[in-house]
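Based on the hints, put chains B and C with the ligands in the right spot on chain A.
Below are the chains, spelled out letter by letter.
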Amino acid sequence: MTARHVVIIGNGPAANEAAISLRTQAPDARITIISKEPIRYYKPHLLPDLIAGKVSEQDLYVNPLEFYKENDIRLRLGQEVVHVSFATNEVVMEHKEVVRFDGLIIATGGKPRIPEPLQVFEDLMLSLKTLSDAKVWKERLRWVDSVLIVGGDLTSLSFTKAVLSLGKKVYFILHGDSFWPVRFNEELSSEVSQRLSDRGVEVISCRKILRLVMASEDSVEVETDGRKLRVGAIGAFFGLVPDVKFLARSGLAIERGIVVDEFLRTRFEGVYAAGDCAQVYHPKLRDYWVSIGYRNARNLGRVAALNLLGGQESAETAPAGIFQLDDISVNTSWWTEF
Amino acid sequence: MPKVDITVEVCGMAGDGTIAAGGLVNEAMSLGGFSVLGFDSYPAEIRGFGRCVTRSRIGSNEIGALADETHILISLDDLQSRSRVPFLARDSAVLFDSKPDTLLEEEQSLAAVVEPGTALFGIPFTYLATAATGTSRGRNLAALGGFAALFGVQPEWFRRVITRKFQSKGEKVLEVNLKSFDAGFHYALEKFADRLRPSFAAANVVAGPEKVMLSGNQAIGQAALDAGLKLYFGYPITPATPIMEFLAKYLPAKGGRVVQMEDEIASVGAVLGAFYAGARAMTATSGPGFALMTELITHGVMAEIPAVILNAQRGGPSTGLPTKTEQSDLHAAVFGGPGDSSRIVIAPSNVAECYSFTVQSFQLAEKYQTPVIVLTDFYLDNRVENVVMPVASEKEKTDGNLYPDESLQGSYHRYLDTESGVSPRSLPGMEGFAYVATGLEHTERAQPDYTPEIHTKMTGKRHRKLQYALEDLPVPVEYSDGGQLDVGIIGWGSTFGSIQEAVNMARERGWKVAALKITSIFPYHEKEIRSFMTKCREILITELNYEGQLANLIGHLHRKEVVRLNQVTGVPFSPSAIFSKIEALLQAGVS
Amino acid sequence: MKTAATSLAEQIRHIKEAKKFDIRSGALPTWCPGCGYFGIHQGLNACIQELGLAHHEVVTVSGIGCAGRYPFFTSNYGLHTVHGRTLPVAQGVKLANPDLTVYAVGGDGDGLAIGGGHFPHAARRNVNINYLMFDNSIYGLTKGQPSPSSPVGMKSKASPFGTLDKPLNATLMALTYGASFVARLFAGDPKGITEALIEGTQHEGFAFFHIYSTCLTFDKAYKTWAHLKQWVHPIPEDHDPADLRRAFDLVLGDDFSTGIIYRRE
Ligand SMILES: Cc1cc2nc3c(=O)[nH]c(=O)nc-3n(C[C@H](O)[C@H](O)[C@H](O)COP(=O)(O)OP(=O)(O)OC[C@H]3O[C@@H](n4cnc5c(N)ncnc54)[C@H](O)[C@@H]3O)c2cc1C
Ligand SMILES: Cc1ncc(C[n+]2csc(CCOP(=O)(O)OP(=O)(O)O)c2C)c(N)n1
Ligand code: SF4
Ligand SMILES: [Mg+2]
Chain A
27 MTARHVVIIG NGPAANEAAI SLRTQAPDAR ITIISKEPIR YYKPHLLPDL IAGKVSEQDL
87 YVNPLEFYKE NDIRLRLGQE VVHVSFATNE VVMEHKEVVR FDGLIIATGG KPRIPEPLQV
147 FEDLMLSLKT LSDAKVWKER LRWVDSVLIV GGDLTSLSFT KAVLSLGKKV YFILHGDSFW
207 PVRFNEELSS EVSQRLSDRG VEVISCRKIL RLVMASEDSV EVETDGRKLR VGAIGAFFGL
267 VPDVKFLARS GLAIERGIVV DEFLRTRFEG VYAAGDCAQV YHPKLRDYWV SIGYRNARNL
327 GRVAALNLLG GQESAETAPA GIFQLDDISV NTSWWTEF
Chain B
9 MPKVDITVEV CGMAGDGTIA AGGLVNEAMS LGGFSVLGFD SYPAEIRGFG RCVTRSRIGS
69 NEIGALADET HILISLDDLQ SRSRVPFLAR DSAVLFDSKP DTLLEEEQSL AAVVEPGTAL
129 FGIPFTYLAT AATGTSRGRN LAALGGFAAL FGVQPEWFRR VITRKFQSKG EKVLEVNLKS
189 FDAGFHYALE KFADRLRPSF AAANVVAGPE KVMLSGNQAI GQAALDAGLK LYFGYPITPA
249 TPIMEFLAKY LPAKGGRVVQ MEDEIASVGA VLGAFYAGAR AMTATSGPGF ALMTELITHG
309 VMAEIPAVIL NAQRGGPSTG LPTKTEQSDL HAAVFGGPGD SSRIVIAPSN VAECYSFTVQ
369 SFQLAEKYQT PVIVLTDFYL DNRVENVVMP VASEKEKTDG NLYPDESLQG SYHRYLDTES
429 GVSPRSLPGM EGFAYVATGL EHTERAQPDY TPEIHTKMTG KRHRKLQYAL EDLPVPVEYS
489 DGGQLDVGII GWGSTFGSIQ EAVNMARERG WKVAALKITS IFPYHEKEIR SFMTKCREIL
549 ITELNYEGQL ANLIGHLHRK EVVRLNQVTG VPFSPSAIFS KIEALLQAGV S
Chain C
555 MKTAATSLAE QIRHIKEAKK FDIRSGALPT WCPGCGYFGI HQGLNACIQE LGLAHHEVVT
615 VSGIGCAGRY PFFTSNYGLH TVHGRTLPVA QGVKLANPDL TVYAVGGDGD GLAIGGGHFP
675 HAARRNVNIN YLMFDNSIYG LTKGQPSPSS PVGMKSKASP FGTLDKPLNA TLMALTYGAS
735 FVARLFAGDP KGITEALIEG TQHEGFAFFH IYSTCLTFDK AYKTWAHLKQ WVHPIPEDHD
795 PADLRRAFDL VLGDDFSTGI IYRRE
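Chains as they are written, first to last, in this note's numbering: chain A, 27 to 364; chain B, 9 to 599; chain C, 555 to 819.
Incorrect hints may have been included.
To be verified - From the derived model, a few chain B residues whose C-beta atoms are all more than 10 Å from chain A:
id: 1; residue: 114
id: 2; residue: 167
id: 3; residue: 226
id: 4; residue: 424
id: 5; residue: 438
id: 6; residue: 491
Unchecked claim - The calculated DSS-like cross-link candidates involving lysine-lysine, where the alpha carbons are at most 27 Å apart (straight line), are:
id: 7; chain 1: B; residue 1: 107; chain 2: A; residue 2: 122
id: 8; chain 1: A; residue 1: 155; chain 2: B; residue 2: 199
id: 9; chain 1: B; residue 1: 238; chain 2: B; residue 2: 405
These are computed hints drawn from the structure, not numbers from a lab.
Ideal placement from N, C-alpha and C gives every residue a C-beta, glycine not left out.
Excised from the complex, chain A in its bound form (with noise of 0.2 Å):
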């Protein structure tokens, strides 16, 4: 296929990934990148580390801006993608303008996620997905003394690295249903408690929440099932979900993620998902997984590109890579580095 104009939704590694070797491999193409974010691709693991002041905001950053004027792509910040429509092969922004595209490479990524029971607390929580959430907590440690994390996905992990290095209380209630989309088990539960515990964090085993009250400007109070507290500031880790809520009534097959075939293909022609996002068909397993990570994210959006292009390029991994939790699988690129 030759691509005239391919739109891709996201600027995070899959997106990223997936323009340069549309641009490589299709130099006549005209390549639109669509981000909601208003600030340029930056590598989200290092969030952390921006948070404990290890690296600054230049440090983030992968290109600088005049890479895309160079490589003729298109960048569109600060624009989100509310609706695509299959049937036209048009985008529909949330400012009413239609963008029309000949292929399509959906790389959305994940959002923050929160369970269900804690979400009339969603107010009173922080969670760490975009540098505008890391800003924050930035602005928000430099006045408390003490955090307290709910959850216990990835991130949360580095998350708290960052916190104690800056000299702050942790506490941590490590909830069952964190780590998506996986439950932890026992094993796993008792051996990131140990871990926290040993770097000084004070976990707190409890149950259930009970309740959540904003005590002052800088405090929120925590009751739960077997304990009462107060701290500076709540951060929710529970894992990200696919951002693709805008895609619910396109026609596109979701389930924990995108269903996309082994070469990233959904149901349309000429419509791809990479990254964070897809849920990725695995032959030999003969089921599907879900993507974690920033090298898996940029290898699937690599991937999505060539086969856009006409590729038969196989997304399949070594399968040790994956592991069953529960009844999924999932594909972390990031789990060696925990």
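Positioned in the frame of chain A, the structure of chains B and C with the ligands alone reads:
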């Protein structure tokens, strides 16, 4: 205190309330104590049907020119605003309507073309205004609300100027506008809480005495009113027409009259007739009309009849570039016409001078009995600046006529050859002083006479007057710190703001650069100009024309060839263009 | 009217003795002896005299041409402008000081050719001035070229094979332009001129006086004294100047009837 120098643009379709919104930005920022220089472009002046753009440069320090780049673009129409994208500065911000009535194609969308480094602020102007007031009419005000919230402008400033502007239109209209503004303000404050850029608040500007926004043309019109203008004669021509329209509105209440004549010849003819009969009159025109006036202007010179003629310069010969700016009528103004017919030519360089020079022109014309030409240009006429409302003093307003002594009744020499060349002038109705003002060469008693003696004597008399006039004419203004200079820039008219800014840039680098503003083009202050030139190694004369018309006029005063910087792009000099020239001159000097 | 045969010295004496001509300036008209303009001069002077206007409250504004010289030969205030611009300047004077009585004078070239554009506008603007067009159907001052009112076929140095262009009819034009007072007069009838001028001067608004004259120096064949005297006749007794239709009929039917043709209050 951080220095603020921000250019704000509002762009929309005719009917979007663009010009009104831009005007409110100017007024509000002026109220807040900032210096404001604004410039509007209407459909006729720029390509693209119906496009309106207002530009406002807002600064904590004095401002003399528009800047090259725009920092904040408030778009009331995506398609129209796309054309403004190339003018956006690197870290600019764009406010646009994120919920327009209809879906936009990518080819119509502003968001589709802004550079990724530009901060986009989508605010649903139409939706907010409609939700708050039941009508979308206030969407431009919702946009201003967003602007105020994002950039740290006190909403109270806006509320006050909105009230001032819409009060007279009734409670309902005012309410729609205020509510729409508030809706935009609160929306943006909340929605972009983590992206606010309160640059204006950070400037901590303190409001001084109240200022008004005046365009060059309004200042001229107001000055004419204040100076006791009785008759305005004119023929429509861009960019002078607004003066006629302004006076048509306000002059009748002061007992005067605006007469739209059949052409510019008739206009200046009537002005001469009126001054001859003792009334203050004026006309305003632009190049093509000025060319038509030439013969009668020389008649004013010859018959020694006062006249005030404003030439709002536009670009090029013939019809040229009607909506562009240029300074290429200097030769025509000073020398245009047959014979040795130079006359007084003054050129204001900013809005305040538009006022003061116009007031002064009447007295000068009367006192020296010759046409006075005020040279402005498209850019100066149409830009608005916030100034403390100028008021002409009684002294400035007084009659400049010199009447004959009663005792001379019956033996009156209308063209008496006095030391200064100025002879007492009678007015029709004065008994015993009748004479015929004639364009033929004449004797002191106004009798036609072509003898060598008379022509020599009377030509001398007419030119002598101009030298005497120098003492009353606006003197050159030196913009320097004193001391020896490497480069001295000489300029005139509306370009001087850009020159000043270029000089500032040069001085920040420690360069020895200064500027001299020539306000009296003819006669000019030779002594003052020379003394400035003496201090400078190089003289750079910067003007918006091809021929270097001021340089041709005064260049010979410098001991060596003056350097010229000329531009005929139809747009004002950008300060950086002048700065680059200074830099080049200095480098050339080093090697 | 005395013919050119009367000696100049005689004329001067006559002028000086005739007290009623004291409105003249000390300068004697430099027109050619026998020029039709003397008659107009006489007519206007008599009008001013009869109306009792003070010299210093009268301004004569003129263009360039033999006719344009007129102001020099009066002791009024005068404004000798440039070629063709009589009317705008005169309006400026009047608007500046409505107490002044303003006479605008100029030739047919001045008012129909170079200044032709001002004529309709002065008429429709209706500023209270009096415009005397000295129509000798020739450019006198520049020595005999055809003018816009010259007859077709007129031969001159500038038109050795005869002119091709049709003449303009200034009276008809004035009616068409909506002038509120229109009179057609003859330089050979100073009394008629005075009478019409007296009415016209008192008329509030633009008053136009189309005055046939002759340039005896450069026109030996067309609008000569002899011809004009033969052609010119008074308008019918029963003419009603208030009736615009009849005014048009009159002018369209006859080029040479003289008197007050139209007046609108
Ligand atoms: C704090 C933190 C630390 C991490 N640390 C590590 C680590 O150490 N190692 C590791 O391997 N991984 C780490 N990860 C995970 C890794 O960053 C992600 O797996 C990876 O970024 C996924 O890439 P992606 O391109 O699929 O999506 P993302 O990086 O999430 O990018 C999604 C993009 O889509 C855009 N978008 C979403 N919806 C829309 C829409 N509707 N319209 C327009 N644009 C939209 C977003 O603005 C964003 O630009 C970390 C993540 C976080 C948050
Ligand atoms: C602008 C200009 N063009 C040409 C002339 C030369 N000129 C002087 S008088 C005249 C014509 C005069 O004819 P008319 O107006 O009929 O007056 P007359 O001399 O017949 O009274 C001309 C062409 C001039 N003075 N000025
Ligand atoms: S040239 Fe003709 S019009 Fe002129 S003064 Fe002589 S006769 Fe009269
Ligand atoms: Mg003539």
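Here is how each hint holds up against the structure:
no.: 1; hint: 114; result: 5 Å, violated
no.: 2; hint: 167; result: 28 Å, holds
no.: 3; hint: 226; result: 38 Å, holds
no.: 4; hint: 424; result: 75 Å, holds
no.: 5; hint: 438; result: 74 Å, holds
no.: 6; hint: 491; result: 43 Å, holds
no.: 7; hint: B/107 with A/122; result: 6 Å, holds
no.: 8; hint: A/155 with B/199; result: 19 Å, holds
no.: 9; hint: B/238 with B/405; result: 13 Å, holds
The structure does not agree with numbered hint 1 stated previously, though it agrees with all others.
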